[in-house]
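Here are the chains, one letter per residue:
Protein chains: 2
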Amino acid sequence: MKIALAQLNYRIGDFEGNSTKIIRAITQAKAEGAHLAVFSELAVTGYYPHDLLEKKEFIAKAEETIRAIAVHCTGITALVGGPAINQSATGKKLFNAAWYLADGEVQDVFYKSLLPTYDVFDEYRHFEPNREFRLLESGGRRIAVTICEDVWDEQPTFSSFGKDKIYSVSPLQELSFMKPDLIINLSASPFSHNQEAWRKDILVKKAKSSGLPLVYVNQVGAHAEMIFDGGSMVIGGDGEIRHELRYFGEDFRVVDLGLKGENQVQPVRETTEKIHDALVLGIRDYFHKSGFAKATLGLSGGIDSAVVAVLAVRALGAENVRVLLMPSRYSSGHSVDDARVLAENLGIRYDIVPIHEAVESFERGLASIFEGLEPDVTEENIQARARGIYIMALSNKFGHIVLNTTNKSECAVGYGTLYGDMNGGLAVLGDVYKMEVYRLARFINRDREIIPENSIVKPPSAELRPGQKDSDSLPEYPVLDDILYHFIEMNESPTEIAARGYDPALVTKVIRMVNINEYKRFQAAPILRVTSKAFGAGRKMPLIARF
Amino acid sequence: MKIALAQLNYRIGDFEGNSTKIIRAITQAKAEGAHLAVFSELAVTGYYPHDLLEKKEFIAKAEETIRAIAVHCTGITALVGGPAINQSATGKKLFNAAWYLADGEVQDVFYKSLLPTYDVFDEYRHFEPNREFRLLESGGRRIAVTICEDVWDEQPTFSSFGKDKIYSVSPLQELSFMKPDLIINLSASPFSHNQEAWRKDILVKKAKSSGLPLVYVNQVGAHAEMIFDGGSMVIGGDGEIRHELRYFGEDFRVVDLGLKGENQVQPVRETTEKIHDALVLGIRDYFHKSGFAKATLGLSGGIDSAVVAVLAVRALGAENVRVLLMPSRYSSGHSVDDARVLAENLGIRYDIVPIHEAVESFERGLASIFEGLEPDVTEENIQARARGIYIMALSNKFGHIVLNTTNKSECAVGYGTLYGDMNGGLAVLGDVYKMEVYRLARFINRDREIIPENSIVKPPSAELRPGQKDSDSLPEYPVLDDILYHFIEMNESPTEIAARGYDPALVTKVIRMVNINEYKRFQAAPILRVTSKAFGAGRKMPLIARF
Chain V
1 MKIALAQLNY
11 RIGDFEGNST
21 KIIRAITQAK
31 AEGAHLAVFS
41 ELAVTGYYPH
51 DLLEKKEFIA
61 KAEETIRAIA
71 VHCTGITALV
81 GGPAINQSAT
91 GKKLFNAAWY
101 LADGEVQDVF
111 YKSLLPTYDV
121 FDEYRHFEPN
131 REFRLLESGG
141 RRIAVTICED
151 VWDEQPTFSS
161 FGKDKIYSVS
171 PLQELSFMKP
181 DLIINLSASP
191 FSHNQEAWRK
201 DILVKKAKSS
211 GLPLVYVNQV
221 GAHAEMIFDG
231 GSMVIGGDGE
241 IRHELRYFGE
251 DFRVVDLGLK
261 GENQVQPVRE
271 TTEKIHDALV
281 LGIRDYFHKS
291 GFAKATLGLS
301 GGIDSAVVAV
311 LAVRALGAEN
321 VRVLLMPSRY
331 SSGHSVDDAR
341 VLAENLGIRY
351 DIVPIHEAVE
361 SFERGLASIF
371 EGLEPDVTEE
381 NIQARARGIY
391 IMALSNKFGH
401 IVLNTTNKSE
411 CAVGYGTLYG
421 DMNGGLAVLG
431 DVYKMEVYRL
441 ARFINRDREI
451 IPENSIVKPP
461 SAELRPGQKD
471 SDSLPEYPVL
481 DDILYHFIEM
491 NESPTEIAAR
501 GYDPALVTKV
511 IRMVNINEYK
521 RFQAAPILRV
531 TSKAFGAGRK
541 MPLIARF
Chain W
1 MKIALAQLNY
11 RIGDFEGNST
21 KIIRAITQAK
31 AEGAHLAVFS
41 ELAVTGYYPH
51 DLLEKKEFIA
61 KAEETIRAIA
71 VHCTGITALV
81 GGPAINQSAT
91 GKKLFNAAWY
101 LADGEVQDVF
111 YKSLLPTYDV
121 FDEYRHFEPN
131 REFRLLESGG
141 RRIAVTICED
151 VWDEQPTFSS
161 FGKDKIYSVS
171 PLQELSFMKP
181 DLIINLSASP
191 FSHNQEAWRK
201 DILVKKAKSS
211 GLPLVYVNQV
221 GAHAEMIFDG
231 GSMVIGGDGE
241 IRHELRYFGE
251 DFRVVDLGLK
261 GENQVQPVRE
271 TTEKIHDALV
281 LGIRDYFHKS
291 GFAKATLGLS
301 GGIDSAVVAV
311 LAVRALGAEN
321 VRVLLMPSRY
331 SSGHSVDDAR
341 VLAENLGIRY
351 DIVPIHEAVE
361 SFERGLASIF
371 EGLEPDVTEE
381 NIQARARGIY
391 IMALSNKFGH
401 IVLNTTNKSE
411 CAVGYGTLYG
421 DMNGGLAVLG
431 DVYKMEVYRL
441 ARFINRDREI
451 IPENSIVKPP
461 SAELRPGQKD
471 SDSLPEYPVL
481 DDILYHFIEM
491 NESPTEIAAR
501 GYDPALVTKV
511 IRMVNINEYK
521 RFQAAPILRV
531 TSKAFGAGRK
541 MPLIARF
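Just so you know, the protein sequences line up as chains V and W, in that order.
In terms of our numbering, the first sequence is numbered consecutively and its last residue is 547.
In terms of our numbering, the second sequence is numbered consecutively and its last residue is 547.
Note that these hints are calculated values from the structure, not bench results.
Among the hints, erroneous ones may be present.
[As the list claims (entries may be wrong)] If you want the ones that stay clear, here's a sample from chain W, every Cβ over 10 Å from chain V, calculated:
1) Arg11
2) Gly13
3) Glu32
4) Ile202
5) Gly236
6) Thr271
7) Val341
8) Asp351
9) Ser368
10) Leu373
11) Pro504
12) Lys509
13) Arg512
[What the hints assert, rightly or not] Within a straight-line C-alpha distance of at most 30 Å, the following computed DSS-like cross-link-like pairs (lysine-lysine) qualify:
14) Lys294/W - Lys61/V
15) Lys61/V - Lys55/W
16) Lys540/W - Lys55/V
17) Lys165/V - Lys520/W
All C-beta atoms, glycine included, are put in the ideal place defined by N, C-alpha and C.
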């Protein structure tokens, strides 16, 4: 049996655009002699539409679109992800479904059983879980149709409080009683740098334990926080990956399940390269899917803004990136030079706008109110916020979206000014720890020096007062990042983290900084998610808590 | 049987503070001869701890605290809400539980069956639903112990796409087969201006249909977005409300279920008064629970900031509120006068800081970049952002939290400047439509003129360019608010809204404004929720969508 894997980049709620892509793939699959074309989870709406699923006109349009796609399924069949109304008098109003299209019509609908409702996932908010299991008979095969989480009844226990079985049913086990010949999984599995390995582990395990071939079709593309990496696969009943589609790009392949040729898989890549590619896709899709082409950012001469500028140029083109250099009275001369060299290396337009005059006008305005008081973080924040005004003015006047350059380490401990350097439409590095930012810079410079070496090697500084260094108020980044990683991604307790060899007082201090800065993150820009636990939708903490 | 209803204000994660309150209530209940003291849902942790529930040290501390409370339960019993570990090998790791304490120990644990996962609720993220039903026998009574949503198997269908039965099980029906004599409900039911009526409807209906007395204990107090209004009740099997505790404050009452005295209920209040009281509680708890006492805001002379200033004074005291008057070159003379009169009426400190000098310094800094371009919204935003810098400087220097004054109508259509007048730690009016702001102003002035009449009657204006009025770019507020209400709260389609008698083009324009400004709301301050659908956690829309 020949099956087409259609790994497409959808736009949420763009029924016309999404169905055009789906129909084009069906046509191509038919031309290549496929019996069945498989699309990803919620393909017709894009994953994830959130509370648009509560709008009846959205659901009506989704079903109408699926029926229009079905018309193209003659001489070929298709499995297309989309919502389906729950006709029962009780239960949530929708199912997350795989629509089976054949002979020009909708023939059947299969519902998702396991609804991920943790981290960035929120599916029980909208969907009723399926509880009745049956196979799809198509082309003489008995197919176990599953949707994403349905094959994840066992989860990696990366949090130390984790359980590996958070569901009380295993859909594949239920379906295996019915003797299928093939497993198909329609997915929308977002990228994190360790997700690809976890995903292969579980899929290989499921193929092997059932002894059945497994066809896995993932979505690709980004929608603000979540980046979907693609990497659709066909795995043999022996657990071998026979086919693997592209990462971070659309792909399409017709596979003959009966043929045993050479395995066609993707080259192995390092974590840093994956993160680099994910961020480039994340920026590009954020802009293009929201109808914008141009980005701006403040270039400080430091490593974070340098890396963001490079990623922006790779995502949008040098002609669409424009930067501001905004030196203060505390900026070192080399900061402006480094920023200028980078802009020239990238061929992007830059302007230099010193901020001291604006800062001084605020200081004069506040002089009588602040009389007799020492300068403190207030004055530092005025500088960051004056830069924020300049960059937003550029954004407003020319229609550039501001890219935020805060990294995950800073975001965690609140080392940034709300309404100042925390401004931006998208936080490119908000899920990238500082040490990983260094690796990204080295990766970017691997062939030639794009980011000035000086930006990479100089001690990190916000340059908001004379001689300031990040290490004045924070531990050195290798230590800080490791503490943060075990607290945030691994959910370890302070005691467990200290047991890794850190001063308990330092651990307590860092965790306290993370906790008290929840209010800043509440108002932060959306963060491109590249780890298993990003700030944002995936980490919901009470704003006011004493713990 | 005498039962104590303990309606307390908890702080999330403050195990020491919460248990001190709980133990004090148990002691008092015992002194008053109660057999059973009932507390609210998740009392020991405060509702809702969000992802703190994923921290094993948090869960351990919760259980330890419950066992410490149990020691005080001699000669009295108690039902206390708290998380409980799911000991089964499969399923989510926790239950949302009611712990039954007697004879100085934990005697039993009852689990919640219906887990609200919609709007602001997120319980399936952390909890496994209960599926096994049984009664509690205590003091010779057979008690149906339920937790909040367990009695809401039928819901009000306020959204036009809504179903009234979103669950496939009815816990009260299951429990009624076991012939209980009494229903107890431990709740954490947040305020919205229509919630009190819905709550009474459903509780009265459940008491009546079962013919059993129903004891309902709610939490009171606010945690950033959610405000819990209390109003605990005892309802007779005839459906009559026999006891009703305070709204918006702690309360405690020992009730003899056998006695039929005069009903002791709360006075009926109008919607505007409820919203007023909710907002005052929301401000007070936000500050006090996060360890702050002092608020600041910009007073424009308009109605929104005037109402917020009054509410802040009522929540925190005049000595803890300090305001800035920040006139621009476009501010009318009476704006400053109105603001000054209000500040004097309230007895709060005010300073006047004109913004023109700072604004001009930005314009000079941008002159070469903006050469030859006409002024537009960019220059308006610079004014709003310069004010933002001043108010944040005051906040940073003196430790005042900034109160945001954006109302729901503005928040909906994006009529506000990100990093400017959208600044603030808490958005007091973010869930209050403009027309309701007028009603609040009238309510505040009902006995004497606190808010200058001129602030109420003058045409609304942002005063960011000469002669500007809100109605230049928005429909009149009665129209705008009605369209927004049916779109946001009632989830009606554009067609349905137009059928109410509005120009379809206007409806489309307003809805488009709501949709394209999702990116602004993503970075907005937390909003005190007073309607059934507030912006924030209860309305999750994709940031990038085409629908």
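Structure-based check of each hint:
1. Listed as a non-interface residue, Arg11/W fails to keep its Cβ farther than 10 Å from every Cβ of chain V; the least gap is roughly 6 Å.
2. Some Cβ of chain V comes within 10 Å of the Cβ of Gly13/W; the nearest lies about 3 Å off, and the non-interface call is violated.
3. Against the 10 Å criterion, Glu32/W stays outside the reach of chain V, whose nearest CB is about 30 Å from its own CB.
4. Here Ile202/W stays apart from chain V, with its beta-carbon at least about 16 Å from theirs, past the 10 Å limit.
5. Non-interface status of Gly236/W relative to chain V is upheld: no Cβ of that chain comes within 10 Å, the nearest being about 29 Å off.
6. Thr271/W, annotated as away from the interface, keeps every beta carbon of chain V farther than 10 Å; the closest lies near 25 Å.
7. Annotated as non-interface, Val341/W keeps its C-beta farther than 10 Å from every C-beta of chain V; the closest such distance is 21 Å.
8. A beta-carbon of chain V comes within 10 Å of the beta-carbon of Asp351/W; the shortest separation is about 5 Å.
9. A beta-carbon of chain V is positioned within 10 Å of the beta-carbon of Ser368/W; the least distance is around 8 Å.
10. Here Leu373/W does not stay apart from chain V, with its beta-carbon only about 7 Å from theirs, under the 10 Å limit.
11. Residue placement check: Pro504/W keeps its beta carbon more than 10 Å from all beta carbons of chain V (closest about 14 Å).
12. A cut-off of 10 Å between C-beta atoms confirms that Lys509/W is not in contact with chain V; the least separation is 17 Å.
13. Every CB of chain V lies more than 10 Å from the CB of Arg512/W, the least distance being 13 Å, so the non-interface label holds.
14. Straight-line distance between C-alpha atoms of Lys294/W and Lys61/V comes to about 50 Å, which puts the hinted pair past the 30 Å bound.
15. With a CA separation close to 41 Å, the supplied pair Lys61/V and Lys55/W exceeds the 30 Å bound.
16. About 12 Å separates the Cα atoms of Lys540/W and Lys55/V, which keeps this hinted pair within 30 Å; it holds.
17. Taking the CA atoms of Lys165/V and Lys520/W, the gap is about 39 Å. The hint is violated against a cut of 30 Å.
Violated hints for the displayed structure, listed by number in ascending order: 1, 2, 8, 9, 10, 14, 15, 17.
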